[in-house]
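There are 2 protein chains.
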Amino acid sequence: MLESISQCEFTPEEEIRRRIEKLKEQMEKRGIYLSVILHNVHIFYLAGTVQKSVLLIPLEDEAVLLVEKNADRARMESPLAQITFKGERELRTYVRKYLVRNGKCGMELDIVPFSLYDRWRRMLDGCEIEDISKVLREIRAIKSEFEISQIKKSGQIASLVFSEARKILKEGEREVDIAAKLECIGRMNGHQGFIRMRGLNQEMMNIYVLHGISATIPSFGDVPISGYGTTHAIAQGPSLNRIKRGVPTLIDYGGGYNGYVTDETRLFIIGEWEREILKKAFDCSYQIVNEVYSFAKEGTAAIEIFERALTLAKEAGLEDYFMGYGQAKVSFVGHGFGLEINELPVITGRHRGELKEGMVFAFEPKFVIPGVGASGLEVDYIVRKWGLERVTDFPLEVVQL
Amino acid sequence: MLESISQCEFTPEEEIRRRIEKLKEQMEKRGIYLSVILHNVHIFYLAGTVQKSVLLIPLEDEAVLLVEKNADRARMESPLAQITFKGERELRTYVRKYLVRNGKCGMELDIVPFSLYDRWRRMLDGCEIEDISKVLREIRAIKSEFEISQIKKSGQIASLVFSEARKILKEGEREVDIAAKLECIGRMNGHQGFIRMRGLNQEMMNIYVLHGISATIPSFGDVPISGYGTTHAIAQGPSLNRIKRGVPTLIDYGGGYNGYVTDETRLFIIGEWEREILKKAFDCSYQIVNEVYSFAKEGTAAIEIFERALTLAKEAGLEDYFMGYGQAKVSFVGHGFGLEINELPVITGRHRGELKEGMVFAFEPKFVIPGVGASGLEVDYIVRKWGLERVTDFPLEVVQL
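Protein chains in written order, with my numbering: chain A, 1 to 401; chain B, 1001 to 1401.
In case anyone wonders, no lab produced these hints; they're calculated from the structure.
Nothing here was measured: the structure is a model prediction, and the numbers come from that model.
No residue lacks a Cβ here, since even glycine has one placed at the ideal position from N, Cα and C.
Honestly, I wouldn't trust all of these hints.
[As the list claims (entries may be wrong)] Heads up, simulated SDA-like pairs for lysine to any residue below, C-alpha to C-alpha not over 25 Å straight-line:
hint: 1; chain 1: B; residue 1: Lys1329; chain 2: A; residue 2: Val54
hint: 2; chain 1: B; residue 1: Lys1134; chain 2: B; residue 2: Arg1119
hint: 3; chain 1: B; residue 1: Lys1329; chain 2: A; residue 2: Lys167
hint: 4; chain 1: A; residue 1: Lys86; chain 2: B; residue 2: Lys1170
hint: 5; chain 1: B; residue 1: Lys1329; chain 2: B; residue 2: Trp1386
hint: 6; chain 1: B; residue 1: Lys1167; chain 2: A; residue 2: Gly199
hint: 7; chain 1: B; residue 1: Lys1086; chain 2: A; residue 2: Pro395
hint: 8; chain 1: B; residue 1: Lys1153; chain 2: B; residue 2: Arg1384
hint: 9; chain 1: B; residue 1: Lys1134; chain 2: B; residue 2: Lys1086
hint: 10; chain 1: B; residue 1: Lys1086; chain 2: A; residue 2: Arg75
hint: 11; chain 1: A; residue 1: Lys167; chain 2: B; residue 2: Asp1177
hint: 12; chain 1: B; residue 1: Lys1086; chain 2: A; residue 2: Glu319
hint: 13; chain 1: B; residue 1: Lys1244; chain 2: B; residue 2: Gly1371
hint: 14; chain 1: B; residue 1: Lys1153; chain 2: B; residue 2: Arg1166
hint: 15; chain 1: A; residue 1: Lys244; chain 2: A; residue 2: Lys280
hint: 16; chain 1: B; residue 1: Lys1244; chain 2: B; residue 2: Leu1396
hint: 17; chain 1: A; residue 1: Lys152; chain 2: A; residue 2: Gly358
hint: 18; chain 1: B; residue 1: Lys1170; chain 2: A; residue 2: Met188
hint: 19; chain 1: B; residue 1: Lys1279; chain 2: B; residue 2: Ile1168
hint: 20; chain 1: B; residue 1: Lys1244; chain 2: A; residue 2: Glu319
hint: 21; chain 1: B; residue 1: Lys1153; chain 2: B; residue 2: Trp1386
hint: 22; chain 1: A; residue 1: Lys329; chain 2: B; residue 2: Glu1068
hint: 23; chain 1: A; residue 1: Lys329; chain 2: B; residue 2: Arg1166
hint: 24; chain 1: A; residue 1: Lys279; chain 2: A; residue 2: Met188
[Claimed, not checked] Stretch-level coverage of chain B by chain A, calculated; a stretch enters the list once three of its residues show a Cβ under 8 Å from a Cβ in chain A:
hint: 25; region: 1013-1020
hint: 26; region: 1028-1036
hint: 27; region: 1055-1061
hint: 28; region: 1177-1184
hint: 29; region: 1187-1198
hint: 30; region: 1251-1263
hint: 31; region: 1370-1383
Please model the entire structure based on the sequences and the hints provided.
Structure follows, in structure tokens:
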């Protein structure tokens, strides 16, 4: 019955066991004897459910999911051993069984609020607590074939949305109306509803339709382009700006399927380019995308990708506009994604690190020309031994209407 | 130019000054000489912008907004004194000026992640840090007339969506398709894009279209009804379930305008009721809503409202199904809203507390009959001296199609 009302591709048990094993390897290296997982994204990753629960991963024992609610649903979705509890006292009783004097515990300190941390510190009997998120983010950076299959389904939704945009984008329409219609189409064709982004104050829409000046407003977020929004209370996303002939529109769409997101951008234009510089910027983005596609593969340094992109932007005389303008410039040209939109790797000139097989990343060489508009592309890649594999099949060229 | 592409009702300066004064009163009572505000919802409340910044509120001095980006936008939106900074070292320099030896600082410890707290603890030179969120949540519980005017605009979007649902809801359609279309309509008519909910793992959609069994699945969240969703990775919201004649559909819509949300539910049915119990449950919800409307006003105890509702549910023989079933029963029948969907007051039998003028709350007597369906209403109220004022004007009766 319930199968018929949702898309139930549960995470395969062997996949969950493998992820937990990887975490345990890292726990052992760091002398962590117990991980306490509280964030729903990590509970989903390690247990296969987002039902309200606490996931205990003892180094020397089986992982156990302590479920507050909905226990029936968690049982259906997660292959892990489960215990139902009600209230903090019961929780404490179960947790206590796993405690070791003077041991070190792992928690997601980048995301667990201080007051919750403080309750757990007491629950863990004052043992030393180390951040386990960094380790988990690194494990999550390498996607399995199961995960890649989910990501590709998310990408199919994105392709469909871009394809429908050909019909929906019209002169005189407002950005927000086009966004609303395309979001509706995405949702009716399998989008999960919302997409997740990690961190305090990190908020995200599913779709950004940005045109002319609204695409140039610097964002409060760590993204090159996110629009002006319809209110300063949200301060991102499509605005009430109306589409004009000759001015390009960026459509940045976050697909979402069974937990897995994608993040691609295409450029649309009605009629002939009014401003040569925006065309030139697009051509440069396109060139960067093709160039990077031609050489990047497992083992390529992220810095090399960033610098190649920057060099091409310089050669085109567009360096000042590359990845934002002035103070709003961001330091990366690509980012990982998966269960969240901001995963590892980061493709930047700042950190070392190289591409590994199974990584996925959104590559987004974009240009912001203040007072004029924005131009560029965003393409999702899977890193393979032999090169990069595209997630979607929607063409990269400007969509000319 | 920018005014024309968004709805710019900036928070009035006197309003912001008044809010800061209220916070300072509480800081003084608690011996807190400096509050450090990091969460975008509170920065919006106290400074009028969500641009990336740190808001310092010294008890004995003017509040100052330290803006990381976008400074131009923050300057346009916030009446407070502003300083632009780049990087943690510059931030530290500005913060240091406000530090007092052995003083006590306020931070939002319910929401600031441990690792960020830890950085700030060092930045604040090891001074004692107390949670300021509780105080802020209490201040925010009383809405000004400016806030109420924004909430009413959010409610207008909700009324329009319910009204359009009369045309969109059709036999054989899937919950998710109806939700997608109605969400599109809301967005095109002024919805801000997403709505905010406070707390770790608290996630929210703008719309829930729930029908029959999908409305009965216990939620992982602290809400009576939130649907099965289209995937277990999200585990809430509309599902792929198709609308049948004679079975009611709950439409729970979160309006959102200029930062302010609303939260109302109406019941729709095509043809005659197939199950008497769902009709009886609706009638009971309707009776509870009318009953509470007839007596609640400033000074009414929240417990009294909860108990009156529970008594009516008992009299109808529906106590077991009231506000959820079995383990999934929630302990409240109403909740405050504003910049977030989960604000104070909580209308519950558990805590004391009484209604104060300017409070707003969503009153949601709902029933979940396992295996059958859910039934009920949710209505937003403004607390006045003389009684309750409705936020929207959309009728409460079942919408018969």
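Evaluation of the provided hints:
For the suggested pair Lys1329(B) and Val54(A), the alpha carbons sit about 20 Å apart, so the restraint of at most 25 Å is met. For the given pair, Lys1134(B) sits about 22 Å from Arg1119(B) by alpha-carbon distance, which is consistent with the 25 Å threshold. For a cut-off of 25 Å, the pair hint linking Lys1329(B) to Lys167(A) is broken: about 46 Å separates their Cα positions. Between Lys86(A) and Lys1170(B) the CA atoms are separated by roughly 40 Å; this puts the pair beyond 25 Å, and the hint is violated.
Distance hint between Lys1329(B) and Trp1386(B) is unfulfilled; the C-alpha atoms sit about 32 Å from each other, more than 25 Å. Among the hinted pairs, Lys1167(B) with Gly199(A) is inconsistent with the structure: their alpha-carbon atoms are about 40 Å apart, more than 25 Å. This hinted pair does not check out: Lys1086(B) and Pro395(A) have alpha carbons roughly 39 Å apart, beyond 25 Å. In summary, the hint linking Lys1153(B) to Arg1384(B) is supported, as the alpha carbons are separated by about 19 Å, within the 25 Å threshold.
In summary, the hint linking Lys1134(B) to Lys1086(B) is not supported, as the alpha carbons are separated by about 30 Å, beyond the 25 Å threshold. As the CA atoms of Lys1086(B) and Arg75(A) are separated by approximately 48 Å, the hinted pair breaks the 25 Å bound. For the proposed pair Lys167(A) and Asp1177(B), the alpha carbon gap of about 19 Å is at most 25 Å, so the pair holds. Taking the CA atoms of Lys1086(B) and Glu319(A), the gap is near 21 Å; set against the 25 Å cutoff, the hint holds.
For the hint linking Lys1244(B) to Gly1371(B), the alpha-carbon distance of about 15 Å falls within 25 Å, and the restraint holds. Between Lys1153(B) and Arg1166(B) the CA atoms are separated by roughly 21 Å; this keeps the pair inside 25 Å, and the hint holds. Distance check on the hinted pair: Lys244(A) and Lys280(A) sit about 19 Å apart at the alpha-carbon level, within 25 Å; holds. Note on Lys1244(B) and Leu1396(B): the hinted pairing holds, with a Cα-Cα distance of about 22 Å set against a maximum of 25 Å.
Between the alpha carbons of Lys152(A) and Gly358(A) the distance comes to roughly 13 Å, so the proposed pair stays at or under 25 Å and holds. The hinted pair formed by Lys1170(B) and Met188(A) meets the criterion: a straight-line CA distance of about 15 Å does not exceed 25 Å. Taking the CA atoms of Lys1279(B) and Ile1168(B), the gap is about 22 Å. The hint holds against a cut of 25 Å. Taking the CA atoms of Lys1244(B) and Glu319(A), the gap is about 58 Å. The hint is violated against a cut of 25 Å.
For a cut-off of 25 Å, the pair hint linking Lys1153(B) to Trp1386(B) stands: about 23 Å separates their Cα positions. About 12 Å separates the Cα atoms of Lys329(A) and Glu1068(B), which keeps this hinted pair within 25 Å; it holds. Between Lys329(A) and Arg1166(B) the CA atoms are separated by roughly 47 Å; this puts the pair beyond 25 Å, and the hint is violated. With a CA separation close to 33 Å, the supplied pair Lys279(A) and Met188(A) exceeds the 25 Å bound.
Chain A is given as covering the region 1013-1020 of chain B, and this is violated because 0 residues of the stretch bring a CB closer than 8 Å to a CB of that chain, at least three being needed. Counting residues of the region 1028-1036 of chain B whose CB lies closer than 8 Å to any CB of chain A gives 0, which falls below the minimum of 3, so the coverage claim is violated. Residue count for the region 1055-1061 of chain B with a Cβ under 8 Å from a Cβ of chain A: 0. That is fewer than the three needed, and the coverage hint is violated. With 6 residues having a Cβ less than 8 Å from any Cβ of chain A, the region 1177-1184 of chain B passes the three-residue criterion, so the hint holds.
Only when three residues or more bring their CB closer than 8 Å to a CB of chain A does the claim for the region 1187-1198 of chain B stand; here the count is 7, and the claim holds. Note: the region 1251-1263 of chain B has 4 residues with beta-carbon separation from chain A under 8 Å; the three-residue rule is met and the coverage holds. Requiring three or more residues with a Cβ within less than 8 Å of a Cβ of chain A, the coverage given for the region 1370-1383 of chain B is violated, as only 0 such residues are present.
Hint violations for this structure: numbers 3, 4, 5, 6, 7, 9, 10, 20, 23, 24, 25, 26, 27 and 31, all remaining hints satisfied.
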